[in-house]
Amino acid sequence: MQHAFKLGEAEHNVALSRAREAYCLHVGDSLVPIDLKTSPDGRTWLTVGTRHVEVVIATRGDEVFVHLDGEAHALRYRHPLERLAAQAGGGANDLIRAPMPGSIVSVNVKAGDTVSKGQTLLVMESMKMETTLVAPRDGAVAEVQYEKGQTFERDAILLKLEAAAGEGA
Amino acid sequence: MTDVSRWPFSTVLVANRGEIAVRVLRTVQKLGLKGAVVFHAADRNAPAVRMADHAIEITGSTPVAAYLDGAQILAAAKSCGAGAIHPGYGFLSENTGFARAVESAGLVFIGPKPEQIELMGDKVRARNFVEKGGFPVAPSAIEDDGPATFVERSRTVGTPLLIKPSAGGGGKGMRIVRDLSVLEAEIERARSEGQRYFGDGRLYCERYIENPRHIEVQVLGDSHGNVVHVFERECSVQRRFQKIVEETPSPALTPELRAQICETAAGIARSAGYRGAGTVEFIFGPSGEFYFLEMNTRLQVEHPVTEEITGKDLVLEQLRIAAGEPLGYAQGDVSAQGHAIEFRIYAEDPGRGYTPTTGPILALRPPQGDGIRWDSGVVQGGEVTAAFDPMIAKLIVRGTNRNDAIARAEKALAETVLLGCKTNTAFLRRLVVHPAFVAGDVHTGFLDANPQIAADPPMPNGTLQALLAAASLSTRPMRDAADCVPDLHAAIGEWRN
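Going down the list, the protein sequences come from chains A and B. When the letters of the first sequence are read in order and numbered with our numbering, they come out as residues 16 to 184. When the letters of the second sequence are read in order and numbered with our numbering, they come out as residues 2 to 498.
Keep in mind the hints are simulated off the structure, nothing from the lab. What you are looking at is a predicted structure, and each value in this text was computed from that prediction instead of being measured. Treat the hints with care, since some could be wrong.
Stated by the list, open to error - Partner residues aside, some chain B positions facing chain A, computed with beta carbon under 8 Å:
1) T3
2) V5
3) S6
4) P9
5) A387
6) G421
7) K423
8) L469
9) D484
10) V486
As the list claims (entries may be wrong) - Not close to chain B: a few residues of chain A, all C-beta gaps over 10 Å, as computed:
11) H27
12) S54
13) P114
14) S121
15) A126
16) T129
17) T135
18) E162
To be verified - Every beta carbon over 10 Å from chain B, so not counted as near; a handful from chain A, in silico:
19) H18
20) S45
21) P55
22) R66
23) V71
24) K125
25) E158
26) V159
27) Y161
28) I172
We put the CB at the ideal spot given by N, CA and C, even for glycine.
Construct the entire structure; sequences and hints are all you get.
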């Protein structure tokens with residue numbers, strides 16, 4: 016089965032299968048034997064092909080954090096269903112998330128409003144700088160989650176879109 | 002060991018949070034004094050709260066507001082029998098009104114006299130005071146000296162010049178003018194920014210030093226009139242006028258210049274009758290000229306580098322001075338050895354314009370080893386929120402010389418594991434091996450001039466593959482799906498590919 020991880024802005028398709036005592040990673044055209052083992056002293060070792068390297072891994076929900084070669088990286092597992100929904104024109108595109116922590120300066124739309132791509136949905140402030148969030152596509156406002164003055168963390172869902180009335184799903 | 006039995010206080014309340022609260026409590030408790038701390042509910046599980054002998058909850062409309070509420074903090078001090086208050090840095094540390102209120106309540110304020118905070122807190126007054134004492138200040142024009150002639154006098158300062166709000170700080174509202182034809186327009190813009198940020202539109206102009214270094218000098222003064230300097234720190238690596246890396250000794254100073262700048266700082270502190278730990282900041286030009294910038298009347302974030310090369314515990318010195326003890330040593334007794342560099346670990350994304358990040362701290366493994374110091378206020382299981390400043394820890398490395406310290410730093414930064422919230426450690430690693438940094442050839446505009454250091458470098462294929470492998474094996478639905486397919490099928494899959 017195909018799975019995917021988001022790393023930064025890019026999405027990477029992968030598949031995993033069993034191979035003898037360990038696993039095989041399928042990425043693009045390549046196939047690599049991989050394994051992850053914890054040694055008695057609690058350290059975690061990753062094997063990728065012929066490479067054997069210590070890693071630290073932490074997970075939370077769909078997020079996987081990996082410390083590798085002296086750097087931390089964050090990956091997000093994409094559920095196959097979520098990806099299908101996104102490909103159908105809805106899904107993640109419908110959730111307007113906060114690009115950084117901050118507070119709401121103004122909300123320019125209300126639930127039920129029809130919006131067109133590029134239209135200002137709300138204005139937020141972070142580090143004394145204002146940022147305008149615009150509609151990524153045509154649609155209607157399903158829900159507004161925050162009001163003026165409220166604060167939020169990064170990735171908080173600020174607003175939800177849905178298909179405009181009369182528009183096919 | 003210091004004898005605290007005759008000190009006028011036996012319990013010290015720390016009116017701060019995070020790493021500095023832990024840092025101050027460490028020395029307080031080592032001396033055999035009791036340490037108390039105030040905390041907002043957002044910090045309930047913070048290390049300082051667990052470490053303190055008394056922890057008193059304070060409230061506020063925002064978490065920051067709680068730590069700025071002097072009346073509540075004073076009440077907390079009384080409730081736990083604290084005889085002294087250490088303000089740390091930020092928050093109320095340079096608030097004259099708070100220092101006065103502490104003293105009027107009969108408690109000891111661990112810091113300078115209120116009038117010294119007041120003098121140095123007003124940039125214009127401080128600058129005039131320093132200039133009158135015969136110490137170097139940059140050519141300037143001050144609006145308050147005659148608002149009607151301000152623009153005219155600004156022209157005579159010469160270009161490039163810098164316009165600053167008198168009440169300012171942190172780089173807000175500052176504007177550089179290279180062409181006098183836009184001077185008036187820029188003055189108006191700076192005024193409106195000063196009004197917006199500080200509620201005060203008064204300005205001053207000074208000659209702008211291109212590619213300057215930021216060099217500051219640590220001073221200590223007791224209540225008996227003794228003042229010494231504890232050498233310099235260079236803090237030229239900055240982003241948005243905020244320090245990121247600080248080191249001592251400065252790679253820019255010859256022994257002669259070092260003596261000159263350190264003596265100047267001690268002289269300024271002496272002329273103010275300064276009591277406590279303070280820092281005199283200078284702007285240092287490419288040809289070795291230096292001018293007084295400002296004096297910070299508190300313990301600095303970057304104080305550990307000074308401690309690492311001099312062996313002095315600056316918090317201990319602050320406590321001794323507050324207790325009325327004389328310094329007990331002369332300038333000639335203060336010596337330094339080796340090189341120390343501090344890195345501020347920020348919850349931020351350098352590749353996205355240093356925007357702050359938030360998140361849970363799912364894994365935390367500080368670096369360890371000889372010459373490595375980790376001052377932090379966060380623990381695994383904690384959370385970084387947008388409620389406070391994004392600095393979550395400080396990594397301090399010490400080496401026999403600068404190259405040794407840099408090598409140690411690169412290794413320690415790589416060994417620093419913090420998962421769940423993006424930090425700037427990878428960026429700091431790129432910075433510390435950058436040829437200009439290694440050569441000590443930096444200035445306060447260095448990061449702006451070299452944005453590629455902040456940008457995420459392209460990821461090697463091998464790294465991407467390893468990350469996908471680690472993530473796949475750590476994702477339950479993927480592992481489960483793979484485990485339920487027998488090896489034979491997987492092998493068929495192999496042929497298909």
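Hints and how they fare:
{"no.": "1", "hint": "T3", "in the structure": "40 Å, violated"}
{"no.": "2", "hint": "V5", "in the structure": "41 Å, violated"}
{"no.": "3", "hint": "S6", "in the structure": "45 Å, violated"}
{"no.": "4", "hint": "P9", "in the structure": "42 Å, violated"}
{"no.": "5", "hint": "A387", "in the structure": "4 Å, holds"}
{"no.": "6", "hint": "G421", "in the structure": "6 Å, holds"}
{"no.": "7", "hint": "K423", "in the structure": "7 Å, holds"}
{"no.": "8", "hint": "L469", "in the structure": "5 Å, holds"}
{"no.": "9", "hint": "D484", "in the structure": "7 Å, holds"}
{"no.": "10", "hint": "V486", "in the structure": "6 Å, holds"}
{"no.": "11", "hint": "H27", "in the structure": "6 Å, violated"}
{"no.": "12", "hint": "S54", "in the structure": "15 Å, holds"}
{"no.": "13", "hint": "P114", "in the structure": "8 Å, violated"}
{"no.": "14", "hint": "S121", "in the structure": "18 Å, holds"}
{"no.": "15", "hint": "A126", "in the structure": "26 Å, holds"}
{"no.": "16", "hint": "T129", "in the structure": "32 Å, holds"}
{"no.": "17", "hint": "T135", "in the structure": "21 Å, holds"}
{"no.": "18", "hint": "E162", "in the structure": "17 Å, holds"}
{"no.": "19", "hint": "H18", "in the structure": "5 Å, violated"}
{"no.": "20", "hint": "S45", "in the structure": "8 Å, violated"}
{"no.": "21", "hint": "P55", "in the structure": "18 Å, holds"}
{"no.": "22", "hint": "R66", "in the structure": "7 Å, violated"}
{"no.": "23", "hint": "V71", "in the structure": "5 Å, violated"}
{"no.": "24", "hint": "K125", "in the structure": "26 Å, holds"}
{"no.": "25", "hint": "E158", "in the structure": "23 Å, holds"}
{"no.": "26", "hint": "V159", "in the structure": "20 Å, holds"}
{"no.": "27", "hint": "Y161", "in the structure": "14 Å, holds"}
{"no.": "28", "hint": "I172", "in the structure": "15 Å, holds"}
Violated hints, listed in ascending order, are 1, 2, 3, 4, 11, 13, 19, 20, 22, 23; each of the other numbered hints is respected by the structure.
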